[in-house]
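Generate the whole structure from the sequences, applying the supplied hints.
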Amino acid sequence: MLTIDKYLRPSTLEEAYEAAQKKNSVVLGGMLWLRLANKRVSTAIDLSALGLEYVTEDEDFWHIGAYTTLRTLETHEALNNMTGNLFRDALKAIVGVQFRNLATAGGSVFGRFGFSDVVTALLALDASVVLYKTGALSLEDFCRMGKVNDILTEIRIPKTPVHTAYFAQRNTATDFPVLNVCAAEKKETITIVVGARPLGGTVYRFSAAETAENMAERIAGDAVFTGNTRASAEYRRHLCRVLVKRAVDEIMAEREGI
Amino acid sequence: MEITILLNGKKRTAEVRADTVLFDLLRDLGCASVKCGCETSACGLCTVLLDDKPVLSCSVLAVRADGRKVDTLEGLQDEASAFVGFIADQGAEQCGFCNPGFVMNTIALLRENPDPTDDEIRQYLAGNLCRCSGYEGQTRGIRAFLNAKKEGRL
Ligand SMILES: Cc1cc2nc3c(=O)[nH]c(=O)nc-3n(C[C@H](O)[C@H](O)[C@H](O)COP(=O)(O)OP(=O)(O)OC[C@H]3O[C@@H](n4cnc5c(N)ncnc54)[C@H](O)[C@@H]3O)c2cc1C
Ligand code: FES
Ligand code: FES
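Protein sequence lines, in the order shown, are assigned to chains A and B. Numbering-wise, my numbering comes out as the position in the first sequence, counting from 1, plus 4. Numbering-wise, my numbering comes out as the position in the second sequence, counting from 1, plus 7.
Rather than coming from a laboratory, the hints here were simulated on the basis of the structure. Only a predicted model underlies this, so the values are computations on that prediction, with no experimental measurement involved. It is possible that some hints are incorrect.
Simulated restraints on C-beta separations [what the hints assert, rightly or not]:
id	chain 1	residue 1	chain 2	residue 2	range
1	A	T230	B	K156	29 to 37 Å
2	A	T230	B	E143	33 to 41 Å
3	B	R160	A	L203	53 to 61 Å
4	B	D58	A	A177	26 to 34 Å
5	A	E238	B	K156	46 to 54 Å
6	A	R250	B	S140	29 to 37 Å
7	B	N120	A	S46	40 to 48 Å
8	A	R250	B	E86	15 to 23 Å
9	A	S46	B	D35	21 to 29 Å
Glycine is no exception: its CB is placed at the ideal position from the N, C-alpha and C atoms.
Structure below.
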């Protein structure tokens, strides 16, 4: 159980950041992951009054505020149109609508959970993140970064239309994925991300001229898979081969309008 | 901390701790329909509407509901009574424990999408777990209700 001594709803990012530097304080996203922890926190910092719930666009990027819910992304028509319905496909199996009405994009990305469907999908879109003090960096770099005590304010997605395919294997519907694979094709490059190995998403890039079989073999041979209570390493490797091929076949077919 | 919520259309003020969850507040305010199954955001039993959106009341801090609208089954009896009989007719419920969460989320589904396909029903209700049934009865019940509505039998 999460025990909270003090609740703070800052009205500026600076105030939130200052509070987050204090020992034993915690930043709240949707709080769904946080509340599973059995710990006591001195101050819980609620980001809900900071105006971080938005999806906007300019010429180059989609801007997603950290406090935007997963449900907003899943149902956002323009965002889904540009990404081949990636958000709809990748997020639909995360627990349920009631859950996705609470879970935030910022909490999902900041957590950098190995199993994350959200991170796997965003990595395939070449997303970047904006941290209040650290500034902007690619999501790929953020995923490699160690622990950071900052506030994630925004996620950015380049505004280039992409063909995508998303597959996640679950032992039971709405459980954590055993493996997830996202493929995205733009400008003759195919980006493939394999997550929930159970380690987090690893990014591979190929020329669109390569065959689906080659890509699948190379990733399955290269990526690190381990076993846990949900699946063995070998099963994950096998799934990887199958799902990568399926994902590439799907985007190729989409590209050719089949 | 003192908070005020608009609970089932009535203003209610309550004293809550920093870590009180909405579920506990609602039970204290007499909403016995709201039940807790897992407390880990996984089962959907504790579903309520917060500003008209279905959420898991076990996972929302009560302070986050301050100044907002909260609806539970106590306030939505008329809306629920339109379809619950159809679900019961299908023998969908066995122990019935999951029922309040299913009903609340079905209300949300039908408000958002008044004419869902069977797949859309399954998709929307996927976060409501039932340990007894295979979910087919609930889907058939909602389908029977929608058909009756379309055919003017309601
Ligand atoms: C039961 C359960 C099942 C799940 N199943 C899946 C699944 O199948 N697939 C999947 O992809 N995900 C799954 N998730 C993860 C979920 O989708 C969210 O990613 C997760 O709950 C975190 O989002 P949140 O908004 O609740 O963040 P929180 O729990 O509030 O926060 C998570 C972490 O991020 C920090 N944080 C939050 N927001 C910010 C910010 N803006 N700046 C800095 N730090 C911040 C918090 O301090 C905390 O350390 C599951 C979670 C649960 C609890
Ligand atoms: S009791 Fe809230 S989701 Fe199970
Ligand atoms: S009828 Fe028993 S849990 Fe659903």
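The hints, checked one at a time:
Hint check: A:T230 to B:K156, Cβ distance near 51 Å, so the stated range 29 to 37 Å is violated. The beta-carbon spacing between A:T230 and B:E143, approximately 37 Å, falls within the hinted interval of 33 to 41 Å. Look at B:R160 against A:L203: about 55 Å separates their beta carbons, and that is inside 53 to 61 Å. The supplied range of 26 to 34 Å is met by B:D58 and A:A177, whose beta-carbon atoms lie about 28 Å from each other.
One distance hint, 46 to 54 Å for the beta-carbon pair A:E238 and B:K156, holds here, with the actual separation near 51 Å. Taking 29 to 37 Å as the suggested C-beta distance range, the pair A:R250 and B:S140 conforms, at roughly 32 Å. Restraint check, B:N120 to A:S46: a C-beta distance of roughly 43 Å satisfies the suggested window 40 to 48 Å. Between A:R250 and B:E86 the Cβ separation comes to about 42 Å, which falls outside the hinted range of 15 to 23 Å.
In this structure the hint that A:S46 and B:D35 lie 21 to 29 Å apart at CB holds, the actual value being about 25 Å.
Of the hints listed earlier, those the structure fails to meet are numbers 1 and 8, in rising order.
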